[in-house]
Structures are given as C-alpha cells and as structure tokens.
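Visitor: This is what each chain is made of:
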Amino acid sequence: MVALMGLAVVLAVLPLLLILGTLIAKGASSLNLAFFTKMPVPAGETGGGVLHAIAGTLMIVGAACLIGLPLGIGGGIYCAEYPGSKLSTLTRFVSDVLNGTPSIVVGVFAWTWIVASQKHFSALAGSVALAMLMIPMVTRTTEEMIKLVPHSLREAALALGYSRWRTSLAVVVRTTLPGIVTGSLLAVARVAGETAPLLFTALGSQYLSFNLDQPMAALPLVVFTYATGPYEEWHQLAWATALVLILVVLVLSIAARLATRRKFSQNG
Amino acid sequence: MATERLSAMYGKSTAVKDVTLSFTANRVHALIGPSGCGKSTFLRSLNRMHELSPGGWITGRVLLDGKDVYAGDVNPMQLRRRVGMVFQKPTPFPTMSIFDNVAAGLRVGQRRPKAELAETVERALQGAALWEEVKDRLTTSAMALSGGQQQRLCVARTIAPQPEVILLDEPTASLDPQGTQRIEELLFSLKKAFTIIIVTHNMQQAARVSDTTTFFYLGGMVETGVTKQLFTSPAREETEAYITGRFG
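Line order of the protein sequences matches chains A and B.
Mapping the first sequence onto my numbering, position 123 (from 1) lands on 123, and the numbers just tick up by one.
Mapping the second sequence onto my numbering, position 191 (from 1) lands on 191, and the numbers just tick up by one.
Careful: at least some of the hints might be erroneous.
Unchecked claim - Only some residues are given here: those of chain B computed to face chain A with a beta carbon under 8 Å:
{"#": "1", "residue": "N47"}
{"#": "2", "residue": "K89"}
{"#": "3", "residue": "F93"}
{"#": "4", "residue": "P94"}
Derived from the structure by calculation, the hints contain no laboratory data.
Predicted, not measured: the structure shown is a model, and the values here were computed from it.
C-beta atoms are modelled at their ideal positions from N, C-alpha and C, and glycine is treated no differently.
Just chain B, same shape as in the assembly:
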C-alpha cells in the first residue's frame, strides 16, 4: 500500500498535506505525532473512511496493489473489506453474540456455507489470541467481555474477512497495561499475514512494535524510516524534539 501526494481536507481546512509514503507488506508501520497532527485522518484516508466525515475529501492518490483506491470504478465498501480497521475504543456490536460479531464482516459480500463460516470465525479468534477464552461461550453477548477482550474481538472481526491491510487507530488507548500488552504481542503474529499500519500517540509502543515509523507534525510528514534509526538518530530536528519529549 502506498500514497502519492495525499492531502486530506475537512471542507476548506487541510488536515493532511501532501504525504507520499509506502508501506511494505508483512511489516508493522507506526504513525506517530502530537494530537491533531493528521495521523488519524491520514489513516482514515487509506480505507476511504475519511470521506464519510462531514466535509471530508482528498487530493492525491492512494494505491493498493498499484491501483488507485479512489478511482471511479472502485467500490469503497469492497475496498474496506480489503483494508480493515480497528478503532480506538472497542466497538463490539452490542446486540450480537461473540460469534456473530466475528462473522459480521463475512456476511457482506458472497454467501458462505455454515461450516466454512464457523471455521473462519474460529481461525480469526485464534489469530486474535481470543479463542481459548471464548470458545465455550460463542453464543453469549460480546458485551460481557472485558475491554481488552473486546478489543481483541474487534481484531478478530477485522481479520476474519482476510483483508490485505489492517489499520489500527490508537488501538490500545482505552486499554489497561495488560490489555495493551496482549494487543502488542498480537501485532507480531499478525504481521506474518498482513500489512499493518498503526497510529499511536505512545512512542514507546511505536518503538516496541513497529518496523518502520513515520513522524507527522502539523498535517505534514516530517520523517519516515526504520524505527530503530528514527528513534536513535532522527534526521530532523522536530522529530528529535518530539521523541525526546520536548513537545507534544
């Protein structure tokens, strides 16, 4: 996945300016930066969620497998099945059981036979390291799970339809340290199968989980590079100021 001169606007105000970036498959990419720097808006432009916000529009291109996802013949709903997203707060569907939550994304698009559905749900829950905890209560309400479990359920729901890219928007912001750790461990196993792009305001988290890191500031991309390098010897002064905690 890549962007070419991507800018994202809300009405007349620009939230993301002219960002050209590429994301390698099977890597974890972290987007860091202070609040309001445009990193979330950038992320939401990748699966065309940004255009659903009031006044949201973009210029530039977002490429998935070399094809512009904003091209006229691309159906945004089909795109979102290929580029999954996990949000800041766990968002299980309150009226659905654990099983139905994971199956929710599988029920759009082509119909699957029951056995295949059950198998895919199990695989997704295993992929999200939640299977052992919920396998005996798949038909109970997802609302009874803890916050951390709910977030892993959302990860399972996202990976069930086998997307190519997973976008995570501060996925641990509302979790306790233990829940955070589980999600971070999860990223290591998930990157074997997916391209992962994670927005985080937590620099330690970015340093721990990501292979490459991009620093956003005031809507623009300041610097991007291999995580270790960016954190130990940043090329730009703003990056150093931010990661050493002088602002943000």
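Next up, chain A with everything else stripped away, as it sits in the complex:
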C-alpha cells in the first residue's frame, strides 16, 4: 500500500519535474542579458529578446490587479461580514461558477464587450479578462481567510466601542492580511500565465508599448506565436520565454508560501 501511495506521489510530481527539466534543457541556453533587455529581431536573424513581452505582461497583469484585487478582496470581506445575506450566497455561487469557467470563455466575453465594441484590440481588454479570472479566486480565499479569525477577537473590538466596519478593517482584516496577500499572489500567479483570454484581447505586438489602449505583447502570447512559428530561432526564444514564465509563477507561489508562514509564526 505504501509503495502504491509512493508511486502515486512520484507520478504526481513527475510532470512538474519533467516540464521544468525540459524547459531548462531547451531554454536556459537562450537566457542571457539580451533576452531581457532587447527587442525581437526580424525573423530569420539570431539574437534579440522579449523585452516588449516582459513589459507587456507587467502592464497587463498590473492593470488586472488594479481592477481585480480591490473588487475581489472587497467582495470577500462582504461575504465574510454578512455570511447569511442573499447577496453573499449569490456572490459565493457566482464565484464558484466563474472559478470553473474556461479562461477562453472569459476571453471571448472580453472580446465581445470591449474589443468588438471599441473596434480595436487593446491591452486593457486583456486586463479586464484577467481581472475577471482573478476576482472569484480572490473573493473566495479572502472570505475563507477572514473566517479563520476567531470570533472572540471581533467581540473584543466591538466591546471597546468599535463600529462594525472599523472592527472588520482594523482588527479582522489586519489580522488576516498575510492570508489575503497569499491568496492575491496565487491569483496573480495563476493569471500571469493565461494565454487564451489574451489571444482575442491584447492580441500581441512586435513593439514595446505602454499604451493600454493598444495591442500589447505578453509572455504567454510570445510563447504561443514563437512556438508555432516556422523558424528555429523562434523556437529557441519560445522555450526560454516559457522557462521565464514558469519561473515567475514559481517565485510568486513561493512568495505566497512565505507570507503564510510568517503569519503562523506570528500567531504561534
């Protein structure tokens, strides 16, 4: 039995190790300073980098955070504060459904409502799509984290003459902040690698752009374009970009872990 379980564990971890191994083997050789600081070169030439996509991913994900985190965290606080209200029940249900919605559906939605109505692709449409993926995740984790705060702490604040909202923000949310940060980081990590919603929205671009109203490059889009392209140099860049992308996700996940650990050592 133990052997079976051990096998299951190995099989579960194996894909991650294989992915990482392949990416490092095929992509690490292309990772150099130019990769991070140079723009792409015309097809067929060697060298060049993906600065435009790094900047684009930062812009798109950053804007998605600005939209998604306040809404998600706010929704989570509301659900935790009014657990029995109809709106909370509805929010929970909608969040769970949205959490299970394929990201390409969200992309098509953003295309329909923003790209089609504005008649041009834009990075902002991509940010909106990513934010829509973040909100349900952040809402649910925020609520769960707040629910972990003991009721006695809330009562202590109320007994001091704190108003309900002051209790919630100054005591309950403050106490659970590391947990909320963790949830937010995991949500960011999750959407940073999303490709499908960006295909119809941010579209991708060969140029360095900081205009959210225009098409913009992003790391996942670079992987998609270069990996399916005909040139060997492109394939090399795609491997390297994929490696960077997975490293970003890994770093965010580890940061989330560390934030949680700090919380527990504080309480213990």
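Fit chain B to the supplied structure of chain A, relying on the hints for placement.
Guide: Chain B only, in chain A's frame:
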C-alpha cells in the same frame, strides 16, 4: 447600574427571564450559577453585546446613571466605551504592539494628543499591574506575553478609556492558578475606581473577590445578597444546593 425586568432572548428561546437587579458603584458583584443559566447572556445585555449575537433581543430596561441604555438615542458604541468588557479567553489584537493594544480603545472617539495617549496607556497598564513587566517592550507584539499577562493586558485595554462599569465574563477560566490570583488581586484595586460585575463558575472565586453575589438558575435570578450571607446562610433551597455542590 441596574436592570428592571430584563429578559434576554435568542430568537424565540429565552435565556434570561425577568431579572431586576442593581449594582452599587465601587463594589465587586459576582454572578454565579451552573452553565447555561443565563448569567453570561445577562452580562452581555448590560453593554448591548447580546444584540450582536444572532437573534439576540431583550425586553425590560438596563439603567446606567438612571438612563435606559436601550433608549433610541443611545449609541451602543458610545455605551460600550462606558461599560467595558473582559472576556473568558485573553483576546489581544495579534497585529498590534502592547502599546497599541492598550491604546486601541482610546483611538475611537475624540482624538488625543500623543503625550496624553502615552500617559493614559501607562496608567492603564499600572492599573492592571502589568506596567513593570512590559514597560521595556511596549512596541513588541502582544502575542509574546503569557496567558495571564495577556489577560491583564485586556484588563488594561478595558480600563484605559475610563469606563464606569467593567464586566468580566469568566476572566480566569483559561488561566493557571497564578494568573487567576493576579486577576483576583486586581479586582480589589480596580473596585476603587469602577463598578465591577464578574461572571464566574467558580464559587470559591465569587466568595473571595465579591461584595455581593447573585445566583442564577435556569435563566432566572434566584437570590441576590451580600456575598458572605449568601454563602453562609442562603435564603433559597436551590442556592444552598448549588453552593454545597449538590448540582451544577
């Protein structure tokens, strides 16, 4: 502080029935009785914490300085600054320093100058017999204190805004004998400045610390009187049965 025909309900079930009691200033009043007898609910009705529980509501009146605290023009948040409360488990705010914990109740209401704030915090910590132990680490986390120290910190936090009444809901239930003793000693000095009402399931504690004792049973008040008298010659049979340990 006094109650007139106070009943407290959770939805349709009644937890406290028709209790009329008055509490003299500068005395320690103990509320005793078996678990579920309504003594905690009664206590929580006095500072309007009961109404925050799901389905919590009351009938009757609770008077503070002759004025009904359930009157329409009374702000419950302001009331709770005048009627402080210490809970069963120590509840320091985990993200705040020792200083900020004590100052927490002072930061609601009108703003105070920094120097006054520091002075009030020191006085509160001295009042809670904790100053000497923490004066060199006021900015460190309150979570590093022992359970007994945390509970005294909560006492300091409660007395800092200078309430008139202090309610204590089994304040020593989670403490070791030494921590319990410190809290009990504290009550003697605190009653010089405050009206103190303490719920306890520990009859020896009630006998040690209180001036008057009220016995609750099945949601009703059975008997109230001077502590010594109630413990030596109770007027009611249920009281005698309870204090001699025949039930509860």
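Visitor: Each hint: holds or not?
Guide: Results for each hint:
1. N47: With a closest approach of 7 Å, the N47(B) hint holds.
2. K89: Holds, about 5 Å.
3. F93: holds (6 Å)
4. P94: Cβ of P94(B) sits 5 Å from chain A, so the hint holds.
In this structure, every one of the numbered hints holds.
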